[in-house]
Amino acid sequence: MAALPLLPGNRHHPLTCTITDHTRSDCHGRFRANHPPCRCGGLPGEVPAINPDIASAGRRAALERAARLGRLSETDRDAIRIVQDLQFPRWLDQVTATGGCANPIHLAGATTVRDATTGEILHHYDTRCEPGERLLVRCRNRRANVCEPCSHIHAGDTFHLVRAGLVGGKSVPADVRSHPRLFITLTAPSFGTVHRATTDGARCRPRRDARYCEHVHLLGCSAVHAESDPLVGQPLCPACYDYCGHVLWHAHVGRLWKAFTDNLHNHLAARIGLTRTGLRRTVRICHAKIAELQRRAAVHLHAVIRLDSADGPTVAPPVWGTSELLVSVVYSAARAVCLSSPYSQVVGQYELRWGVQLDARPLEAGDTTDGPNADAVAAYVAKYVTKGAADTLAGADRRLKSLQEIDAIPATAHARTLMRTTWRLGGLPEYASLNLRAWAHALGFRGHILTKSRTYSTTYLALREARAKHRNSISQSATADNAITSRDWRYLDSGHTPGGVLIAAGIAQDAARNRVIAKEELTSRKGEGA
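Sequential numbering from 3 applies to the sequence shown in the numbering used here.
Just so you know, the hints here were simulated from the structure itself, not pulled from any lab data.
Wrong hints could be hidden among the right ones.
What the hints assert, rightly or not - Taking lysine-lysine and the DSS-like style, the derived pairs with C-alpha atoms no more than 25 Å apart in a straight line are:
(1) K172 - K385
(2) K389 - K521
(3) K403 - K172
(4) K521 - K385
(5) K389 - K403
(6) K403 - K528
(7) K528 - K260
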């Protein structure tokens, strides 16, 4: 085969020449004849002529590829960049380990486990070999609208925490099943008439006479609202609604609950003829409660109450401690609560009480009553612990920095008015101790979503540690008697890039689909066994 035409004086093509150690003098000097031909068909130092048709076709293909990439969105281009990275498999393992967390925490550091006797390193982990020299861990956010994978785990922990206090398990003795147990609901009072949804087709607020308030708004509503109707929970007349009383009641919910639990002991002691001190030496009332935000943007509390012996949950309470007695005491204790808000020359002083809608249902040992059983109660509480303010459009899930931010929040006009009222009341010196502006996003409510007494059941920390020990073999060596663990970690960042969000969402969807399939399989097996 004849050699292609050569261009004298030019250097060889770097991608085609097989000789890599010759110099220019080798190519053009006296040793030139001894060199074998390059793969391009000529001697070193010479390149063939480029076919113009081939060169133009290559340029067109490159331009077409660039044009196709340019038509892709930023998310798709970023996803392609992530997938083409050499450390993509390890990055994918990290994201999968977080369950597809939508906002993972980026940490850098190392963990070393040493034998306390010999000093031998049993295990060492360092993030310097990880993608980006960082480790991704779960954000552990409880809100499903922020991170669905982490909220699912939080809901599961809440279910086991509440259920263990009802039927035992998780370090709680099974004998608590036979103790008096109640599921109670405490609501907020009325601050004004609001639209309501009905399931039986009844009208919202029917009135025989079409009366108007002083602000020329109808005092009734003859419409039938569905649960998804945006009017549900909104006041019939915003000008008549007591927004200041609503906010101040929210700010004192914690104190109202404390007064209620104090009254429980006082009223129970009075019923059985003991002093409060004598009662505490005999029985102990433990609880777990969760705060739920209603459509009218008012908080009400669901709580599980259990009566134990003063010696702990392993000992049954006295025979006089019955569910019927506890129900009666709950009603009288709630109705006796009355607190006063700080006096203000602007808004005056409010008397704060629980609403008239109070419910207390006993849970029997065999869960054979018409009321809810232990699993239903635990599932109910676990469902509401993942709800955020954005789910009901009755607030925000982050703190506000200024009054102007309220207009940009996706909430109802009723909720925005409550937030503005909270912000303005927070500027009054009489309410400085309530720190209302820091809780304007929660409409003045300053409590945690779920709280419990110390002896009710296990803790979130214990559940997380048990899960980590189950999943991580290193946990067993780290908790051994002859092992010392040293940790050095620091926070770097949080979240995903646009492409990472897309990939993590796919992993989260696969995990959710697997859970549904596993649940259906378990249900079918139980049905076959029955």
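Now for the hints, and whether the structure bears them out:
no. : hint        : in the structure
1   : K172 - K385 : holds, 20 Å
2   : K389 - K521 : holds, 22 Å
3   : K403 - K172 : violated, 41 Å
4   : K521 - K385 : holds, 17 Å
5   : K389 - K403 : holds, 23 Å
6   : K403 - K528 : violated, 53 Å
7   : K528 - K260 : violated, 44 Å
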